[in-house]
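Peer 1: Top line first, the protein sequences correspond to chains A and B. Anchor point for the first sequence: position 142 equals 724 in the numbering used here, and the numbering is continuous, going up by one each time. Anchor point for the second sequence: position 190 equals 223 in the numbering used here, and the numbering is continuous, going up by one each time.
Fair warning: there could be bad hints in the mix.
As the list claims (entries may be wrong) - For lysine-lysine, the following DSSO-like pairs were computed, each having C-alpha atoms within a straight-line distance of at most 30 angstroms: (1) A:758 x A:696; (2) A:761 x A:696; (3) A:609 x A:778; (4) B:52 x A:657; (5) A:761 x A:659; (6) A:778 x A:808; (7) A:761 x A:609; (8) B:108 x A:696; (9) B:108 x A:659.
What the hints contain is simulated information worked out from the structure, not anything from laboratory work.
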Amino acid sequence: MAVPALHLEKVSKDFGRIIALRNIDLKVEPGEFLSILGRNGAGKTTLLNIISGVSRPSSGSVQLFGTDPGDRENKAKLAVISHEMFLYGNLTALENLEYYGRMYSVNDLEQRIKTVLHEVELTHRRFDLVAAFSRGMTQRLTIARAILHQPSLLLLDEPFTGLDQQAIGMLIDLLKSQKELGRTILLTTHDLHTAKVLSERYIILEKHQIMQDGLMTETNPDEIRKKYFSPLEKAEMS
Amino acid sequence: MRTAFSILQKDLRMEFRSKESILAMWIFSLLIFVIFNFTFEVSRLVMLEIAPGLLWVAFIFSGMFGLNHSFAVEKEDGNLRSMALMPVDGGQIYLGKFLSVTIIMLMFEFLIFPIFIIFYDLQLSFQMFLLIPVILAGTIGFTSLGTILSAVAVHTRNQQILLSLLLWPLVSPIIIWSVNLTGMVLGGGEIGAVFFPLLIRVAAFDVIFFTIAYMLFDFILED
Ligand SMILES: Nc1ncnc2c1ncn2[C@@H]1O[C@H](COP(=O)(O)OP(=O)(O)OP(=O)(O)O)[C@@H](O)[C@H]1O
Ligand SMILES: [Mg+2]
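The task is simple: from the sequences and hints, build the whole structure.
Peer 2: Here's what the structure looks like:
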């Protein structure tokens, strides 16, 4: 059998006294689309940081494609989209992409830039400074930047935040086509319906652990919501 | 090399677009010169004694500003974290940032030096060309260490800022020697036998700082 795209064994992470993750075991096969659900502070972002190698687990082991996340080849295969934009406001959209393309040694860069700009519908704004972009446009450029080097593993941390309906539709289409290209995708979200549209598998993080690991087709998003999210929503309202 | 060059190109492009650093550095230094020139009524002889020190005060404070600015840009949208995610060598990132900071600082020094000459009414002489290697060596010493310390200060959380505070004094011998060397040149007399050995000593420290920082930068980028 092929090596899994991602293999976590007994991964724990704490920040001083704060426990973020406890004994996480997770295996994701190449081409899988996994949604990571959970409340604020459940450890979703921490989990993605550990997978991308920016944060080290306190204990346990992480492997991407059978090797350490910090390996050069793994970094080249990886794309991260988070609330941090990773863009320079004082550069134009085009200059940002050129810079990233060079850092990732992208082949045929000019053509790739054209393609991704088209995909996120920013071609007409390519000569504008990113500082002058709206939040949603910046987010779209972030997405373009992330797929520029044709990564095989995408880690998306709530990528729909700040996007309007049209942009959400665009990102959904884009993710679907990434999936068709055989990319492995991990997505954290609070939006169960979008998660259901995109992914076949989901996990729920609760109390620093994986509480549920199941298939989207076998679940009803509303049930999950009731079970894991509603008490907090109520608590927040009162 | 390509990686370092891409970072350099990006930094210089942003700097020329905003001119933020250089302008702020320039005004800041001007202020230092003005304040020291007009608030202290000292004889010309004393002024000449302290002029080299003032020049380096202007250089260093402005350099600090340049360093901060250069890394604030990286921090803004988590770019330093994105650098840690890139499939590139930490040393290359260090080299790129070091080069851009150094070039910007040297450009500023080139712009402020004529002002310095005018303010302190210094005699231009052929000997002043000796300031070129002095300023180069002193600046590189400052930026080679400053680059890695700024990265530490920006990237890590509070407790490690202490580390950078503790490490800054490392750069002081370089500054002191640079001031001495500058004084020897501006003094106008014969360049003594101590000048070149001292210059070489500064250059040697440059090489040491640079090499260590180059090798350590990978660790800095990790959380
Ligand atoms: N750098 C850090 N230092 C200290 N504690 C941290 C740090 N990062 C995360 N934590 C803690 O770890 C826990 C998990 O945080 P994390 O950001 O992973 O949650 P999350 O599931 O992404 O939440 P959200 O839905 O709000 O994005 C929280 O209790 C948080 O306070
Ligand atoms: Mg989060």
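Peer 1: If a hint holds in the structure, say so; if it does not, say that too.
Peer 2: Results for each hint:
Of the supplied pair hints, the one linking residue 758 of chain A and residue 696 of chain A holds, its CA atoms being roughly 20 angstroms apart against a limit of 30 angstroms. Restraint check: the Cα-Cα separation between residue 761 of chain A and residue 696 of chain A comes to about 21 angstroms, which is no more than 30 angstroms; the hinted pair holds. For the suggested pair residue 609 of chain A and residue 778 of chain A, the alpha carbons sit about 20 angstroms apart, so the restraint of at most 30 angstroms is met. Between the alpha carbons of residue 52 of chain B and residue 657 of chain A the distance comes to roughly 34 angstroms, so the proposed pair goes past 30 angstroms and is violated.
With a C-alpha separation of about 15 angstroms, the suggested pair residue 761 of chain A and residue 659 of chain A falls inside the 30 angstroms cut-off, and the hint holds. Annotation: proposed proximity of residue 778 of chain A to residue 808 of chain A holds, straight-line Cα distance about 16 angstroms (limit 30 angstroms). Distance restraint check for residue 761 of chain A and residue 609 of chain A: the Cα-Cα separation of roughly 18 angstroms lies within the 30 angstroms cut-off, and the hinted pair is therefore satisfied. Of the supplied pair hints, the one linking residue 108 of chain B and residue 696 of chain A holds, its CA atoms being roughly 28 angstroms apart against a limit of 30 angstroms.
Among the hinted pairs, residue 108 of chain B with residue 659 of chain A is consistent with the structure: their alpha-carbon atoms are about 24 angstroms apart, no more than 30 angstroms.
Checked against the numbered hints given earlier, this structure breaks only hint 4.
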